[in-house]
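The listed protein sequences derive, respectively, from chains W and Y.
Oh and the first sequence: position 244 is 244 in this note's numbering, straight run, nothing missing.
Oh and the second sequence: position 87 is 87 in this note's numbering, straight run, nothing missing.
Bear in mind the hints are in silico, worked out from the structure with no lab data behind them.
Model, not experiment: these values are computed from the prediction.
For every residue, glycine included, the Cβ atom is placed at its ideal position computed from N, Cα and C.
Be careful, since some hints might not be right.
[Stated by the list, open to error] No more than 27 Å apart at the CA atoms, straight line, and that leaves these computed lysine-lysine pairs for DSSO-like:
1) Y:Lys-127 with W:Lys-274
2) W:Lys-274 with Y:Lys-206
3) Y:Lys-221 with W:Lys-14
4) W:Lys-2 with W:Lys-240
5) W:Lys-274 with Y:Lys-125
6) Y:Lys-125 with W:Lys-14
7) Y:Lys-146 with W:Lys-2
8) Y:Lys-204 with W:Lys-274
9) Y:Lys-124 with W:Lys-16
10) Y:Lys-125 with W:Lys-183
11) Y:Lys-221 with Y:Lys-206
12) W:Lys-270 with Y:Lys-206
13) W:Lys-183 with W:Lys-16
14) Y:Lys-127 with W:Lys-183
15) Y:Lys-124 with Y:Lys-106
[What the hints assert, rightly or not] Incomplete in silico selection of chain Y near chain W, CB under 8 Å:
16) Thr-73
17) Gly-75
18) Ala-76
19) Glu-79
20) Ser-80
21) Ser-82
22) Leu-100
23) Met-141
24) Phe-195
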Amino acid sequence: MKQLLNALVFKTNKSKYFWVLLVVSASLPVVGALIINLLLIGMEWLMEFAGTPIDLSHLTQSALMNFSTSVTPASDVTLLSVIFVALFVTQEFSDGTIRNMFVANKSRKQIFASTSIVCYVATCLFQLADFAMRIVVFGLMFGFGNLTAGQVVTSLLVCFVSSLFVSVFVSACACYVAFATRKTMQSVVVPMLVCFLLPELLSTLVQIGVQTMPALGNVLSYEVLMWIPFGNSYLFDPTKPDFALVAILALYHTLFGTILFVLGYRKFAKADLK
Amino acid sequence: MQEILVTQNLCKRYGNTLAVDNVSISVPQGSICGLVGKNGAGKTTLMRMLCGLVAPNQGSICLVPNQARTSTTVGAVVESPSLYQEFCAMDNLVCQCKLLGIPADKTYLEQTLELCGIGNTGAKKVKDFSLGMKQRLAIAMALVGKPQLLILDEPTNGLDPEGIHNMRNLFVELNQKLGISMLISSHILAELEKFATEFLFMHKGKIVAHVTQQKLAQITKKGLQFVVDNAENALPVVQNVGECSVDGNKITLFGEVDVTDVVVGLFNVGVRVLSVVSVGETLEDFFIRCVGGAL
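Isolated chain W, as found in the complex (with noise of 0.2 Å):
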C-alpha cells in the first residue's frame, strides 16, 4: 500500500495536469471577485443612469457570504476536482498502467484504496488553494461586517471543515464513475451531474412541493428539510452556521462517499482488465 501511494505521488508531482488545475482553482476566487465586483458597480451604474439608484453594498458587507457553496457540491471546485480525478484514474487504464500494479503483486483492493485516497488529496488540496485565496481575496475586498475575529474563523472553520467532506464526496463519485467505465469524458460528465444537478433537483422539488400542495409547507419546517440531502445545502448561511445542518451534510457527505466508494470498489473487483 505505501509502495502504491509513494508511486502515485510521484505520479501526481510529475503531472501537469495537477500544477494546472491546482493553479487555476487558487485563480478562480480572484476572477470571480473581479467579476462579482465589476457586476455590482455596472449593476449599479445602470440603476442610476435609469433614474433608480438602488444600493447593493448588502452584499458585500461580509465576504464569507462567498463561503456558502462551501457545503454544496454545485461549485466550481467541484469541476476541476471531477476533472483531476477522471484523468488521473482513467489514464491508467488508456495508459495501460494499471497492469504495473497488478504485475507488482498489488492486490485490487489496495490498487483502488491508494487511488482514491491520493485522489480525495488531491481534491482536498484543491479546496485549499480556493479556501485560501477566497480568504485573501474576499477578505480584502469585503472585509467581515460585523463580525467578531472569533466569530469569522468559526464560520471559516466550518465553512472549511464542510467543503472538506463535499471534496471527498464528490471524490469518491468521480471515483466510482472513473473505475466503473474508464472513460475520461463519462468520468467528467456524470459527477457533474450528480454534483450540479442533484442539490437543484431536491430543492425545486421542495419548493415544487411546497407551492402545489401548501400543508406540506406546514410541514417542511427548517428543521425538516435540514434533512433532505444534498437538497438542504441550500439552508447554509456561512454568517451564522447551524451546527446541526454542518453535522447532518457531514454525515451524508461521508455516508454516500463510503457508498459510492464500497460500490466503486465492488465493480472494480469484478472487472476484467485488459
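The hints should help you fit chain Y onto chain W, whose structure is shown.
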C-alpha cells in the same frame, strides 16, 4: 527440476466463448518458455490471468511455488507497453521503482535503459517515442526489479530486425547470466525457435503440446539431405555416420552431421555429392501439425 510457474485447470469464459480451456502448465525454473499460438488462441488471456488482470472462472495459478511472492518476483509486458505517456523514460522507471519499493538509483536505472537500447533519450516524453522505443522501455520497466520470472507478450512487436536481434540476445543473456525464467509469446516462430528452451503450443484455448527444445529437435528430425550420383555405393558410408533414410539418389542424414566428413567419406568411395540441403520440420511446420492444419 523446480517449477517457476504452475497452473492447474485454468478456464476463462467470455460469454459463450471459452478463451482458455482447462490449461495446466508448468514452466521449469531457468527456462525460456515460448508460448505459441495463432491469433485468438488464448495466449494473451492466459498471460492476463497470470498477471492478475483477469480472474479465472476456474483453476489455480502458482507463481514461484514454495516461495512468498513479492512485488519484484514477476516482471511483465502484456500486449501494449504500459507506460506513462507524459513522462520521460527515466521518470517511468523511477515510478516503477517506487511501485516495487526498491531504491531508484539513477546509475542503475541508466544502465537498465542502456541495456535495453534506449539510453540517452533524455527528457523526451514517452508519447514521442517510436513503438520500438516504447517496447524497449516497457521491457526495461519489467526488468528494473530484477524479477525471477518475466512474462512477455509479443515483446518484439514494433522492433526493427536489428532490434529483434538485440532483444533476443538480451533475453538469452538475462536467462543465462541472471537466471531469469521467461514465458514469451510470439507470432514470429522462427525467432522463438532460436532461443526458447521450452515450447507451449496453444490452440482454441487449449495447450495442445508442451515440448522441450531437445524433444522438439527429435520430433522435427532436422538433418541434411545429400543428392549423390550413386546412392548404392554411398549407403555404407552414411550408415556409419548415423540415422539415415534413402529415397532414390537422395540420402537424408538426421541429427548433428558434419558435412565435410560426409562429403570426404563419399568422395573416398567414388561417390560425387551433387547438392546438400537442410531438411526437417520447422517450429512452424510442427505447430501446424499440432493444430491439425487448422490455420
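TODO: Provide an ascending list of the numbers of those earlier hints which the structure does not satisfy.
DONE: 3, 4, 24
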